[in-house]
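Given next are the chains, with one letter for each unit.
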Amino acid sequence: MPFALANDLAVDSAMTLNQARVGCDMRIQLLDGPACERLRDLGFCEQLQVRKLSNGRNLICSVCGTRLAISRELADQVWVAPVG
Amino acid sequence: MSESASPETIALVGNPNAGKTTLFNALTKSIERVGNYAGVTVAVKEGEMFTPHGQKLRVLDLPGCYSLRAHSPDEKVARDALTGQLAGTPKPALAVCVVDASNLERHLNLVLNVIELGLPVVIALNMVDVAEKQGLRLDPAKLSEELNVPVVPIQANAGKGLLDLKQAIRHPFPPAAASPWAQGQEDPEPARRAMVARLCEVAVRRPDAHQQTVSDKLDSVLLHPVFGWVAFLAIMFAVFWSIFSFAGIPMGWIETGLGNLGQWVEGAMPDGDLRSLLVDGVIGGVSGVLVFLPQIVLLFLFIGLLESSGYMARAAYLMDGFMAKAGLSGKAFLPLFSAHACAIPGVMATRTIDSAKERLVTIFIAPWMSCSARLPVYFLLVPLLIHRQEGSWLQAAILFGIYSTGILTAFVVARLLRARLGPDKQPNHFMLELPPYRGPQWGYIFRHVADRAWAFVAKAGTVILGLSILLWALSTYPKTDSEESGEKLAHSAMGRIGHVIEPVVKPLGFDGRTGTAILTSFAAREVFNTTLGVIFHVEESDDEEATRGALRDKLATATWPDGRPLFTPLTVVSLLVFYIYALQCLPTSAVVAREAGSWKWAAGQFVFMSGFAYVASLLVFQLGRMFGLG
Numbered sequence: 000m001p002f003a004l005a006n007d008l009a010v011d012s013a014m015t016l017n018q019a020r021v022g023c024d025m026r027i028q029l030l031d032g033p034a035c036e037r038l039r040d041l042g043f044c045e046q047l048q049v050r051k052l053s054n055g056r057n058l059i060c061s062v063c064g065t066r067l068a069i070s071r072e073l074a075d076q077v078w079v080a081p082v083g
Numbered sequence: 000m001s002e003s004a005s006p007e008t009i010a011l012v013g014n015p016n017a018g019k020t021t022l023f024n025a026l027t028k029s030i031e032r033v034g035n036y037a038g039v040t041v042a043v044k045e046g047e048m049f050t051p052h053g054q055k056l057r058v059l060d061l062p063g064c065y066s067l068r069a070h071s072p073d074e075k076v077a078r079d080a081l082t083g084q085l086a087g088t089p090k091p092a093l094a095v096c097v098v099d100a101s102n103l104e105r106h107l108n109l110v111l112n113v114i115e116l117g118l119p120v121v122i123a124l125n126m127v128d129v130a131e132k133q134g135l136r137l138d139p140a141k142l143s144e145e146l147n148v149p150v151v152p153i154q155a156n157a158g159k160g161l162l163d164l165k166q167a168i169r170h171p172f173p174p175a176a177a178s179p180w181a182q183g184q185e186d187p188e189p190a191r192r193a194m195v196a197r198l199c200e201v202a203v204r205r206p207d208a209h210q211q212t213v214s215d216k217l218d219s220v221l222l223h224p225v226f227g228w229v230a231f232l233a234i235m236f237a238v239f240w241s242i243f244s245f246a247g248i249p250m251g252w253i254e255t256g257l258g259n260l261g262q263w264v265e266g267a268m269p270d271g272d273l274r275s276l277l278v279d280g281v282i283g284g285v286s287g288v289l290v291f292l293p294q295i296v297l298l299f300l301f302i303g304l305l306e307s308s309g310y311m312a313r314a315a316y317l318m319d320g321f322m323a324k325a326g327l328s329g330k331a332f333l334p335l336f337s338a339h340a341c342a343i344p345g346v347m348a349t350r351t352i353d354s355a356k357e358r359l360v361t362i363f364i365a366p367w368m369s370c371s372a373r374l375p376v377y378f379l380l381v382p383l384l385i386h387r388q389e390g391s392w393l394q395a396a397i398l399f400g401i402y403s404t405g406i407l408t409a410f411v412v413a414r415l416l417r418a419r420l421g422p423d424k425q426p427n428h429f430m431l432e433l434p435p436y437r438g439p440q441w442g443y444i445f446r447h448v449a450d451r452a453w454a455f456v457a458k459a460g461t462v463i464l465g466l467s468i469l470l471w472a473l474s475t476y477p478k479t480d481s482e483e484s485g486e487k488l489a490h491s492a493m494g495r496i497g498h499v500i501e502p503v504v505k506p507l508g509f510d511g512r513t514g515t516a517i518l519t520s521f522a523a524r525e526v527f528n529t530t531l532g533v534i535f536h537v538e539e540s541d542d543e544e545a546t547r548g549a550l551r552d553k554l555a556t557a558t559w560p561d562g563r564p565l566f567t568p569l570t571v572v573s574l575l576v577f578y579i580y581a582l583q584c585l586p587t588s589a590v591v592a593r594e595a596g597s598w599k600w601a602a603g604q605f606v607f608m609s610g611f612a613y614v615a616s617l618l619v620f621q622l623g624r625m626f627g628l629g
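Protein chains in written order, with numbering that gives the first Met the number 0: chain A, 0 to 83; chain B, 0 to 629.
Looking at chain A on its own, in the form it has when it is part of the complex (with noise of 0.2 Å):
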């Protein structure tokens, strides 16, 4: 993560979404990582908001009312901090 921005998100919320919790809402932060354009096309847009909803070999979150599967390395390249 480019260190300016990592500054930015408060020290102790920045997380992956692979580190947050099932049930949790959640701010994306930051696409950070080779495949940031192509979790941009599905929806992963910073400031949207994102719900997981199971964990696994690939997880499933919810962004704006759809439902996606991705996998654990494209989980990484999300940097959320729960909403509120």
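Any given hint could be a false lead.
[Unchecked claim] Pulled from the structure, derived: some chain A residues nowhere near chain B, Cβ distances all over 10 Å:
#, residue
1, Met-14
2, Thr-15
3, Gln-18
4, Arg-20
5, Leu-29
6, Ala-34
7, Ser-70
8, Ala-80
[As the list claims (entries may be wrong)] Selected chain B positions facing chain A (in silico; Cβ < 7 Å):
#, residue
9, Leu-67
10, Ser-101
11, Arg-105
12, His-428
13, Leu-433
14, Tyr-436
15, Trp-441
[What the hints assert, rightly or not] Beta-carbon label-pair distances, calculated as ranges:
#, chain 1, residue 1, chain 2, residue 2, range
16, A, Val-21, B, His-52, 51 to 61 Å
17, B, Arg-624, A, Val-21, 55 to 65 Å
18, A, Arg-20, B, Trp-240, 39 to 49 Å
19, B, Gly-53, A, Gln-46, 42 to 52 Å
20, B, Met-235, A, Arg-20, 39 to 49 Å
21, A, Val-21, B, Thr-461, 49 to 59 Å
22, B, Lys-132, A, Gln-46, 22 to 32 Å
23, A, Val-21, B, Leu-407, 47 to 57 Å
Simulated from the structure, these hints should not be mistaken for lab results.
Since we're looking at a predicted model, the values are computed, not measured.
Quick reminder that beta carbons are idealized off the backbone N, C-alpha and C, glycines included.
Since the structure of chain A is provided, determine the placement of chain B on it from the hints.
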């Protein structure tokens, strides 16, 4: 603008699951020609519609895509069609962007992409009812004002708003809108996203809280680590069980009808070559294949149901971990599942796989999924192994074993091949949209099924009809004076071919007659039964099972010249193994060559699979003999 000249083209474009095809069907109504671009079905569909002023328009239904960057082949097709680079389809004069109103944040990005191409755009705001149910407040007028393009709220599945949409796409087309957000930007992507965010802010008001929808509740069971698998297995079992049991009834009708036709022709015509050609060659040959129409229709019906209800995506999700063991992803599940009906739609369905190498591997192994064309052969041979009658649990278990053998070998080969091909240049990770569960769209499913059924009937009417006549001629000419049917056959061209290839198939335990049947079945597997029927002179009866039974009795009593039985259990197993592995389907090879983009891949697949089949069958027979079986 002359009416008689070729009508102008409009294209429907949108994300997957936006409802493009529903809208397409609603707009065109007529049964559309499924646009064969470069000879392949699916991909771009084409139809015609009329504006309220009676002007004819050509409508293209493009494959769903998230962007126009062309990550996967179907996205590339969509992009090429919009820019007029797709051979055979003219550049559209207008693009109708179909967007899911409940999902504007995600769908508008593609709309901006299309506007940037400089095409006139009309936005069809689909599924407004779903959006309203979710508590969204939409403002189409505001959206239209911001983008400077017409926006029409519709509900394609209920046919609402279609007239307004037709009004919007009548002549003169709206002018192409400017794309100020992309001006002077080297990479318009961030600007596009900012624009989407602004649009959603002014045109959509979303309630904050997530709600537990019906889909959520269903998914909590169907994607559950334990219950999900139970449901998956139950659904797959139900699908295959229904195909095998329900199809029997219409199969009986077809068999009876064609049997009666054969008897009627036999009674109405004087004895001679022409009667023999019609009864033994044409009717006998084609009916042996046409009886499988009900099974094919049912399989495609179930695949259509699973797809349109949204379950197929869940199955792909569940299977991802399992498929990873073979070096594939969950996205390979649907192609391999459909390959059980027929390898051709299976190979074509691999287009949704992003990774090029994974796609090649999936195409390579797809023909090892036991397709419906092998069923007649299995149904003929399996009862020969244990009982003479059809339909016992033991036979079902053997059939299950046959399917599993094909699948397991395919997975092992996939793993080896995937490792050899090396990783992709760009890593591709699993990502899949799980659409909300929807009721089946019967109109669409029926059209799809009718399409496949017609393709099958056309094949029976052309390729298999031609082969039947050829086979009949080969087994009839040159004639001899002898009255004994065995001598007649030995004298005929087919008998001579059999004599020539006998040394090749003898190590597998087959004689020249079986060898001839195998040889002819390289055109299409079903022909195996037809050929054996012709060689062993089985009378067509009005019952399919009885016909197979009669053939089976002849096979069971057939002997080598020295009196040993021809079909021992070991020979039958060897023959079954051969049919599991051999790639005996010319249309499949043609489609593989097209989809893989190289004849070498198709030729390599053919040589590998046929060689594998020969060696496997050889091993079974020779090892079996060493251990004193057969």
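So, going through the hints one by one against the coordinates:
Non-interface call for A/Met-14 relative to chain B: holds, since the shortest CB-CB distance, roughly 19 Å, exceeds 10 Å. Interface exclusion of A/Thr-15 from chain B stands, the closest Cβ pair being 14 Å apart, more than 10 Å. Remark: the non-interface label on A/Gln-18 is consistent with the geometry, its nearest Cβ contact in chain B lying 18 Å away (cut-off 10 Å). A/Arg-20, annotated as away from the interface, keeps every beta carbon of chain B farther than 10 Å; the closest lies near 15 Å.
Distance check on A/Leu-29: its Cβ is at least 13 Å (rounded) from any Cβ of chain B, clearing the 10 Å threshold; non-interface status holds. Here A/Ala-34 does not stay apart from chain B, with its beta-carbon only about 6 Å from theirs, under the 10 Å limit. Against the 10 Å criterion, A/Ser-70 falls within the reach of chain B, whose nearest CB is about 4 Å from its own CB. For A/Ala-80, the shortest C-beta to C-beta distance to chain B comes to about 16 Å, beyond the 10 Å cut-off, and the non-interface label holds.
Annotation: B/Leu-67 was flagged as interfacial toward chain A, and the flag is violated, the nearest CB pair being 10 Å apart, outside 7 Å. Hint on B/Ser-101 holds. Least Cβ distance to chain A is approximately 6 Å, under the 7 Å limit. Below 7 Å, beta-carbon pairs count as interface contacts, and B/Arg-105 has one with chain A at about 4 Å; its hint therefore holds. The interface hint given for B/His-428 is met, as the beta carbon of that residue sits about 4 Å from the closest beta carbon of chain A, less than 7 Å.
Against a cut-off of 7 Å between C-beta atoms, the interface hint on B/Leu-433 holds, since the closest Cβ of chain A lies about 4 Å away. With a cut of 7 Å, the hint placing B/Tyr-436 at the interface with chain A is violated, because the nearest CB-to-CB distance is about 10 Å. Hint status for B/Trp-441 relative to chain A: violated, with the closest Cβ pair at about 24 Å, above 7 Å. Between A/Val-21 and B/His-52 the CB atoms are about 55 Å apart, so this pair conforms to the stated range of 51 to 61 Å.
Checked against the hint of 55 to 65 Å, the C-beta distance between B/Arg-624 and A/Val-21 comes to roughly 59 Å, which is consistent with it. A beta carbon spacing of about 41 Å between A/Arg-20 and B/Trp-240 agrees with the range 39 to 49 Å that was offered as a hint. Between B/Gly-53 and A/Gln-46 the Cβ separation comes to about 47 Å, which falls inside the hinted range of 42 to 52 Å. For the pair B/Met-235 and A/Arg-20, the supplied restraint of 39 to 49 Å is violated, since their beta-carbon distance comes to about 33 Å.
Against the hinted window of 49 to 59 Å, the Cβ-Cβ separation of A/Val-21 and B/Thr-461 comes to about 56 Å, which satisfies the hint. A hinted range of 22 to 32 Å for the beta carbons of B/Lys-132 and A/Gln-46 is consistent with their spacing of about 25 Å. Separation of A/Val-21 from B/Leu-407 is about 34 Å and departs from the stated range, judged on CB atoms against 47 to 57 Å.
Violated hints, in rising order: 6, 7, 9, 14, 15, 20, 23; the structure is consistent with all others.
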